[in-house]
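So the sequence lines, in the order shown, correspond to chains W, U, H, S, C and F. Position one of the first sequence corresponds to residue 50 (this note's numbering), numbered consecutively onward. Position one of the second sequence corresponds to residue 50 (this note's numbering), numbered consecutively onward. Position one of the third sequence corresponds to residue 50 (this note's numbering), numbered consecutively onward. Position one of the fourth sequence corresponds to residue 50 (this note's numbering), numbered consecutively onward. Position one of the fifth sequence corresponds to residue 50 (this note's numbering), numbered consecutively onward. Position one of the sixth sequence corresponds to residue 50 (this note's numbering), numbered consecutively onward.
Please note: incorrect hints may appear among the correct ones.
A pair counts as met if it fits within one copy or between any two copies, since identical chains are not told apart.
[As the list claims (entries may be wrong)] In silico EDC-like cross-links for lysine to aspartate or glutamate, where the CA-CA straight-line distance does not exceed 20 Å:
no.: 1; residue 1: LYS271; residue 2: GLU116
no.: 2; residue 1: LYS281; residue 2: GLU111
no.: 3; residue 1: LYS271; residue 2: GLU114
no.: 4; residue 1: LYS281; residue 2: GLU200
no.: 5; residue 1: LYS271; residue 2: GLU193
no.: 6; residue 1: LYS281; residue 2: GLU114
no.: 7; residue 1: LYS271; residue 2: ASP221
No wet-lab data here; the hints were simulated from the structure.
The lines below spell out each chain.
There are 6 protein chains.
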Amino acid sequence: MRIKLINPNTTQRMTDAMARCARAVAAPGTDVIAVSPPMGPRSIEGHYDDALATPGVLMEVEHGEREGVDAYVIACFGDPGLFAARELARGPVIGIAEAAMHAASVLAPAFSVVTTLGRTRGMVWHLAQRYGMERFCRNVRATELAVLELEVPGSAARATILDECRRALDEDGSEAIVLGCAGMADLCTQLQDELGVPVVDGVTAAFKWCEALVALRLHTPKHGEYARPLPKRYAGDFDRFSPR
Amino acid sequence: MRIKLINPNTTQRMTDAMARCARAVAAPGTDVIAVSPPMGPRSIEGHYDDALATPGVLMEVEHGEREGVDAYVIACFGDPGLFAARELARGPVIGIAEAAMHAASVLAPAFSVVTTLGRTRGMVWHLAQRYGMERFCRNVRATELAVLELEVPGSAARATILDECRRALDEDGSEAIVLGCAGMADLCTQLQDELGVPVVDGVTAAFKWCEALVALRLHTPKHGEYARPLPKRYAGDFDRFSPR
Amino acid sequence: MRIKLINPNTTQRMTDAMARCARAVAAPGTDVIAVSPPMGPRSIEGHYDDALATPGVLMEVEHGEREGVDAYVIACFGDPGLFAARELARGPVIGIAEAAMHAASVLAPAFSVVTTLGRTRGMVWHLAQRYGMERFCRNVRATELAVLELEVPGSAARATILDECRRALDEDGSEAIVLGCAGMADLCTQLQDELGVPVVDGVTAAFKWCEALVALRLHTPKHGEYARPLPKRYAGDFDRFSPR
Amino acid sequence: MRIKLINPNTTQRMTDAMARCARAVAAPGTDVIAVSPPMGPRSIEGHYDDALATPGVLMEVEHGEREGVDAYVIACFGDPGLFAARELARGPVIGIAEAAMHAASVLAPAFSVVTTLGRTRGMVWHLAQRYGMERFCRNVRATELAVLELEVPGSAARATILDECRRALDEDGSEAIVLGCAGMADLCTQLQDELGVPVVDGVTAAFKWCEALVALRLHTPKHGEYARPLPKRYAGDFDRFSPR
Amino acid sequence: MRIKLINPNTTQRMTDAMARCARAVAAPGTDVIAVSPPMGPRSIEGHYDDALATPGVLMEVEHGEREGVDAYVIACFGDPGLFAARELARGPVIGIAEAAMHAASVLAPAFSVVTTLGRTRGMVWHLAQRYGMERFCRNVRATELAVLELEVPGSAARATILDECRRALDEDGSEAIVLGCAGMADLCTQLQDELGVPVVDGVTAAFKWCEALVALRLHTPKHGEYARPLPKRYAGDFDRFSPR
Amino acid sequence: MRIKLINPNTTQRMTDAMARCARAVAAPGTDVIAVSPPMGPRSIEGHYDDALATPGVLMEVEHGEREGVDAYVIACFGDPGLFAARELARGPVIGIAEAAMHAASVLAPAFSVVTTLGRTRGMVWHLAQRYGMERFCRNVRATELAVLELEVPGSAARATILDECRRALDEDGSEAIVLGCAGMADLCTQLQDELGVPVVDGVTAAFKWCEALVALRLHTPKHGEYARPLPKRYAGDFDRFSPR
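I would like the entire structure built from these sequences, with the hints used as guidance.
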């Protein structure tokens, strides 16, 4: 089984870290393909970054279909391009916000999301609502860490995140933590050990759910809303994205 | 990894069928323990049956904790005893309605549930609401088949279910089917081939999700709502259920 | 008219107190039958206790049908077995959480529930949602009193509850209090006098609503979701619960 | 105990019929005061009629406070002036749509409202939403009977209503009927006998619920949203409505 | 184009202020007719005032229809008589709470309402829910200023409102302010300059939206829920309101 | 005042038609700038087209900021890039689905959307939910016309749309129509005349609402969720999109 992990931002070190996390939990026989698109934002910290990361994500899904990929993980907590990607893919496509929230909701009565910048809180609430997870989400908490600070060795980022998780448990009445950025995947196990409650990283949660759905031979329906894009020419230098 | 499949009804043939389905998709190294409780209804077709199936389910979870079980599937579409079971278990506990609805919601924009008796439709809607899946569920359709008819070789049950699935796709605008009874697990692959849309069986969906969550070392939080039951003596012949 | 008050826990002193409260407000000609089941938990403080209290509740409803009971009150704030009981009963069956929330919602724009242990807060929110009362419920506040402490003469329980009610009015913007435990029925009038806002005890609220519905000749519909359980043999020592 | 039944329209024959229905189910010792306001619409069939019926309703509540009334029923299915009336009254004030929907929701899993003119369907849905009863209400069905046709002896109104109730049960999946007009109170028992499901008339449902709440010494909170109107002079010929 | 601004209270100074605000933003060719009804409350501070202001509002709409008015603004934040007015008018009728909330929701991800008396907070939440704006409304904050205090020259009202707006931005996570009283229209521009976020006054927001809808030839549908009131005689001194 | 109408697809004839519609209703002194992006899909008929249309939309907004544009209309019924565009713009940005649904909700109690391809129905429902308009939207009806068929002179498209509108009024209980494609703007007046109910075209509705908000000096808040994108380099050939 081939599962493609698409990091929508173009920071290769983050892509490599995700790949390591996924491989550490992969079942025997699962190939992990981890990529960043060739173009787009180096980090995704708002609606504009999210929109401009999407074409690259879709390009990687389209390549994946030719590479025989069985399922896709979109590994940024805004789940950019999720529904468009489903139009391209035969197999399942899961976003990491989607997977993490769903998993948290079957483990604990309520969770808090701990994320990076406050300006993205609205996006997370919107996703929670979109996925039906609003009632399980008690709070979305920002650490005001920039995404790429998470990558700086020796930074105080880990301590800041741990503190915010503790506040979530104390003040929100939550009983689980959802990590609101793919760049936090590394920290998951350690945070869980320190906090004593489930800490859900979306990258691995989405990856393992993909594995499960592929094993069950479940796919994306190719009639209706997620049918292949209708063939047409795109104008200008987006011609290369034209669906055929 | 040990995953315990609890069939809340006491019909062993159904338990055996579920075990077969689970084993067919199990990862290497996963042990499937499939049981029916020693007491309770032979089939679950309403709130009363559901309530009386619950003590047996909980007894099996309590045994499971002593047997080193890592996760539990509650394999009846009413998910009887789900929240109580979470108080007993350290690992994840997933109901089959829960797993099937969550899976369908990440595959397709909307699904219909095809179930047995019309009198259970309200229970299914209630679960959809409880899990946040209401917006994805377009309809709950009853075939008016009794649960145990599904077990009768040569019956018309399969044709009846296939017809109802077709109506769901035509009339409800759904793009996936959720099978609303553990006794339909057997039919899943064949229905999917005939219908050309995802057909989700909760038994295998819950089983594989359990495998995934255990691989991720995720558990049920043991503070708060799902903490162990407080120790106390139960009166009368329920003394054996007394939490310690 | 015969109304049966079922205390789902097996603490007779609490049953007796409820009976006194109900008799104090009963209309002339109403018989109050107050019972605890012969088996089950002495107090209900979580999902597991709730699940194991349910069979006893159902046994008492089944007896009630043979005794000519006209309506039933399920007198524990988790409303255990409510929907299953409706399958057994011809007359109305009302839970005390249900009655108290409905009554509070027609008296005041918003209420807070003051309950015992924090671990049950999630159950109360779930009931509020189930009954459509979520928008009226501003908060569910735990006193962290164990249910049976309410029974200890001379305890500080009353003062603790009064304090929590005051905080509810000050901090939640609520204008009524719902008492979140049948064991608090005794305190209702006194709290109302001290607080100057409606304080709703579910035991008496459910009891009087039952009286009203019986006077109106309203009953539980016996087709559809609340039809009698289908006759079948239950396995093992639950054979005695087999519906006929 | 004195309970005042306010028919917001000025058709005395309808007021008399309601009074008869209420007295037939009143507890010993309950006085029924039934009135129509001295001014306003003869029947209420839309938002405008509803708005112009409200001042008369409020005048009757204000009189009631001086007459020692313990609780009020607002006996038109639009519940005109309900929240304003609560500002005037010390005791409970219940609308008939409110009472009927709440009662139906504790008897049956879902109900349909059968009302008069189609143009009022939106008002009923809005009330259902306002009271938290939206999830229990499957449909609002119009018979296109004018309110006063219900009063014409020998009319086909009863047959038309019965037919619409039957369609509600067959087509909506409802298991109870709520009568959507005070003028239908008379028909309630007969319809229930013919249909075999609960048929809830709001006039008597509200009346008995008032009796119950008064017996429980529950009142309307007089701080906050339902505090007495602030004293002020009203201009022009509405001076007589000036709150003092 | 003629747009009629109806101030539901009878304080002429407030009506004049609104007219000034509307004229300051009117397009060339738009006539502003600003009136108070001849009867009713001098200020609207609760459900009772709101109900008694409604007949005067409706009288002014009825006059407007004979004066060739193209659209109406109901200029009190409770939007009294909005739905009834739509039955009378051929053109659009917009309430100021309605217009302000809609406008704020397309400018900012979330807003807070800053209003006068705390007792009206519930009414505002109800309107937010009625209009679908609940998810955008983070808080409704009361200054505890009486409506007419806003009119007193040299009062501290402006400073109090500014403080409450600041708290809304700091504590609620809102990014826009909705002014919750027509009497605050005057302050809008100044507050916006001081706060640096959009401050929406409903009077001008409704007025400009009316202009836009009239320019688009959009009207109120005259079949169905907002059809003309059915002709009938009203009893007593409300005969003058009888719809013809 | 300068208002920029961005047609997210690259079909110039459609852009020209929109410009004509907008100019026909523009206030004196309003400049209409109507553009299609230089790259992207010729028509937008699904999530993938929508995602690939977004970069072009954002490029046009960024240009607009340098051209002194006061407000923007995103003129495709999927409202592509709406939230990202708000990060770029100082003035208001309104989508045509957003404007049309809001306008319809203040005119009529309920509307139906009549759109092109069935595969986009889910997107429309999602937008209705996102904007709080779900409760006003009774149905989303597809004509199965391709977007560009609307442009073919002499086609049967108009008749097909009229038929679907009629069915919406008859079968959905709607009292207004929302046209679900910018390509239908031309037909709006004629359809309204034939149907006798409000027919809302989003292009002109958004355009006039923009005019109104600009006249009121209302803008997009530039702190928080819609703050300017954080400056960063984008990789590859998306470098030109890098926010500065």
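Verification of the supplied hints:
| no. | hint | verdict |
| --- | --- | --- |
| 1 | LYS271 - GLU116 | within (19 Å within a copy, 43 Å between copies) |
| 2 | LYS281 - GLU111 | within (16 Å within a copy, 27 Å between copies) |
| 3 | LYS271 - GLU114 | within (14 Å within a copy, 40 Å between copies) |
| 4 | LYS281 - GLU200 | between (41 Å within a copy, 16 Å between copies) |
| 5 | LYS271 - GLU193 | between (40 Å within a copy, 17 Å between copies) |
| 6 | LYS281 - GLU114 | within (19 Å within a copy, 31 Å between copies) |
| 7 | LYS271 - ASP221 | between (41 Å within a copy, 17 Å between copies) |
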